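Undergrad: Letter by letter, the chains look like this.
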Amino acid sequence: MTRKYQFEALVAQTELVGEAYCRLTWSAPEMAAEARPGHFVTVRQNKSGFPLLRRPFSIHRVLDDGRLQILFKVIGAGTRQLAESKPGDAIDVVGPLGDGLFRVDEKRPNVLLVAGGIGVAPLLFLAETMPAQTKLIPVLLFGGATARDLPALDDFRNLGIEVRVRTEDGGAGRRGLVTDELADVLSGLDPARTQLLACGPMPMLRAAAGMCAPRGVPCQVSLETVMACGLGSCFGCAIELQPDCAEAEVDYVRVCHEGPVFDAARIRWNEEP
Amino acid sequence: MSPLDLTVDLGRGLRLRNPVMAASGTFGYGLEYDDLVDLSQIGAIVVKGLSPQPRAGNAPPRIVETAGGMLNSIGLQNPGVHAFLAEKLPRLLERNAIVVANVYGEQVEDYVYVVEQLSGPQADGVSGLEINVSCPNVKAGGIAFGVDADLLGALIARLRQCTDKHLMVKLSPNVTDIAMLARIAVQAGADSLSAINTLLGMAIDLEARKPKLGNVTGGLSGPAIKPVALRMAWQVAQAVDVPVIGVGGIMNGADALEFICVGCRAVQVGTANFQNPQAPIQIAREMESWLVSHGLAGVDGLEGTLNF
Ligand SMILES: Cc1cc2nc3c(=O)[nH]c(=O)nc-3n(C[C@H](O)[C@H](O)[C@H](O)COP(=O)(O)OP(=O)(O)OC[C@H]3O[C@@H](n4cnc5c(N)ncnc54)[C@H](O)[C@@H]3O)c2cc1C
Ligand SMILES: Cc1cc2nc3c(=O)[nH]c(=O)nc-3n(C[C@H](O)[C@H](O)[C@H](O)COP(=O)(O)O)c2cc1C
Ligand code: FES
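As given, the protein sequences belong to chains A and B, one line each in that order. So the first sequence is numbered by this note's numbering: it starts at 195 and just counts up by one. So the second sequence is numbered by this note's numbering: it starts at 386 and just counts up by one.
One chain only, chain A, in its complex shape (with noise of 0.2 Å):
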């Protein structure tokens, strides 16, 4: 299990990109070592008490000399609030956090990391680990609402990995969801060669899931619920699993703790998410 840190941070840098979204840079040298893609932190950063419950943030990149990164949609008070952190401003940050990470099968060589949007944040981090850890290159399957719903996009493009974009506007890319485009992808590859990371708003990875689990491709997705301890230690952030045929009980586990990566055939998809 990783060793899981609390620090007060400085904000090294605050990065609006687009209109809607921010990269928040800080250097923790201990908590970058232990961080792999999929771990997550939850971020407190005023000490007035406002809003009450930390935020969490998967972690969007580690780079070399220590420093973290998260990339985040700014949607409400909390988000607002770390967008408009100054550097030298301190964070209080508790991580590397969550037990389910990304892993990748070395013998399956068509990677594909599918992101809705934000969703897109810890495959960054994903992707530049890759080709070290396992010598395979991932394409990235990529679709938001509209062309500014792409954040680090060029990222992706930086690091050589061909990015299929789709948004539903068709400002960039194709027209369509991204699960068009996974429909496409998937009929031209050998299943038993072929293995999806995906993150994103529950509907896109309930129908990610949905074209996986028929053909055999094994799919994880990284998945978001409200946290209060971010610990494991409220049980507030749990999730259904799929019954167990050999217990008759309802499984419920923790997104924060067995999480916040899952493989998607263990998931019971509700209608409604």
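Wrong hints could be hidden among the right ones.
Stretch by stretch, here's where chain B covers chain A in the computed footprint (C-beta under 8 Å, at least three residues) [as the list claims (entries may be wrong)]:
1. 246-258
2. 416-422
3. 425-434
Keep in mind that the hints were calculated from the coordinates and are not lab data. Keep in mind it's a predicted model, so treat the numbers as computed, not measured. In this text, a Cβ means the ideal position worked out from N, Cα and C, and glycines have one as well.
Knowing the structure of chain A, use the given hints to seat chain B with the ligands on it.
TA: Showing chain B with the ligands alone in chain A's frame:
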């Protein structure tokens, strides 16, 4: 080194290292915090509610953040008392933590079973038992033990016969006369009272016209409930002469000291642990510096000194 002796003796074997305990359900079994927090520095750790058998808990979503607080409907997901004794307790004791076990049941027999297990030789290291009476009694049509004087009195009297350990009864705030229920619990044999558990609440998504919690309703905690908790802790402290432990919305040393001032001997912090895992230790330190700066030798100099 601490300048003051902050230990608190709550009686019948329950001695706290300092007046700040971690509240049940908000600090797990302590071990989740092992990398981050020195567990031996916390006044005592009240572990998550234990039932006779493992419980799956409620349908998600289980948490919603609300103005100044949060709602939870965890549904007491827990591994059961046996797993606690076998897997968690020994490791907690290795960390030199002071352990209070929180007990949950849906019928009197459940409580009796868990209390007996926690009073046996395997549970030697458990310093006290906190009885969560905010649970629905399935045999009494789902009415919570803690809101009915007869149910509460009978339950505590029965548990008193099952254990020599310190019995702390955690009062429900979802009642009209908490002082009356406090007296009943003490008459039935409670060694101390903790007040309060969460307040029943609800949150909805207006656009979808749906409840935000899978369980529809949940328990409200955090700063939003502090005034209610303080009022109730004060009423309870006036009504009984056993130690009262204040719980509800405590986020810093000053909040904790307010509870002492209205008559509590110690406090528990819950939601604050989610904001900062160091909260119990930090709050105890803040209390200490306040006491020092006010020329007091310990919390007892402040206890129940509210002026009118
Ligand atoms: C393991 C994990 C990893 C995440 N990684 C990222 C990431 O890399 N980039 C990113 O932009 N976002 C990520 N999220 C979502 C992010 O935590 C939320 O967008 C953020 O908490 C919103 O806070 P807010 O105050 O701005 O929004 P508000 O809407 O004001 O938040 C209200 C409450 O809902 C919670 N909440 C809102 N949206 C989410 C959500 N999607 N998931 C969980 N809780 C939510 C908040 O934490 C808060 O308690 C992740 C979530 C989890 C659980
Ligand atoms: C997520 C969560 C789980 C809880 N679980 C329990 C429990 O198992 N048993 C119990 O007696 N109280 C439980 N409580 C109540 C707390 O111990 C405490 O009484 C309450 O939250 C008020 O204190 P606070 O405002 O400091 O959080 C829980 C509270 C929360 C927020
Ligand atoms: S957020 Fe507390 S257990 Fe996952």
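Undergrad: Taking the hints in turn, state whether each one holds.
TA: Okay, the hints, checked on the actual structure:
1. Under the rule that three or more residues need a Cβ within less than 8 Å of chain B, the assignment of the region 246-258 of chain A holds, with 3 such residues.
2. A count of 4 residues in the region 416-422 of chain A with a Cβ less than 8 Å from any Cβ of chain B is obtained; the coverage claim is therefore met, three being the minimum.
3. Residues of the region 425-434 of chain A lying with their CB closer than 8 Å to a CB of chain B number 10, which satisfies the three-residue condition for coverage.
In summary, this structure violates none of the numbered hints.
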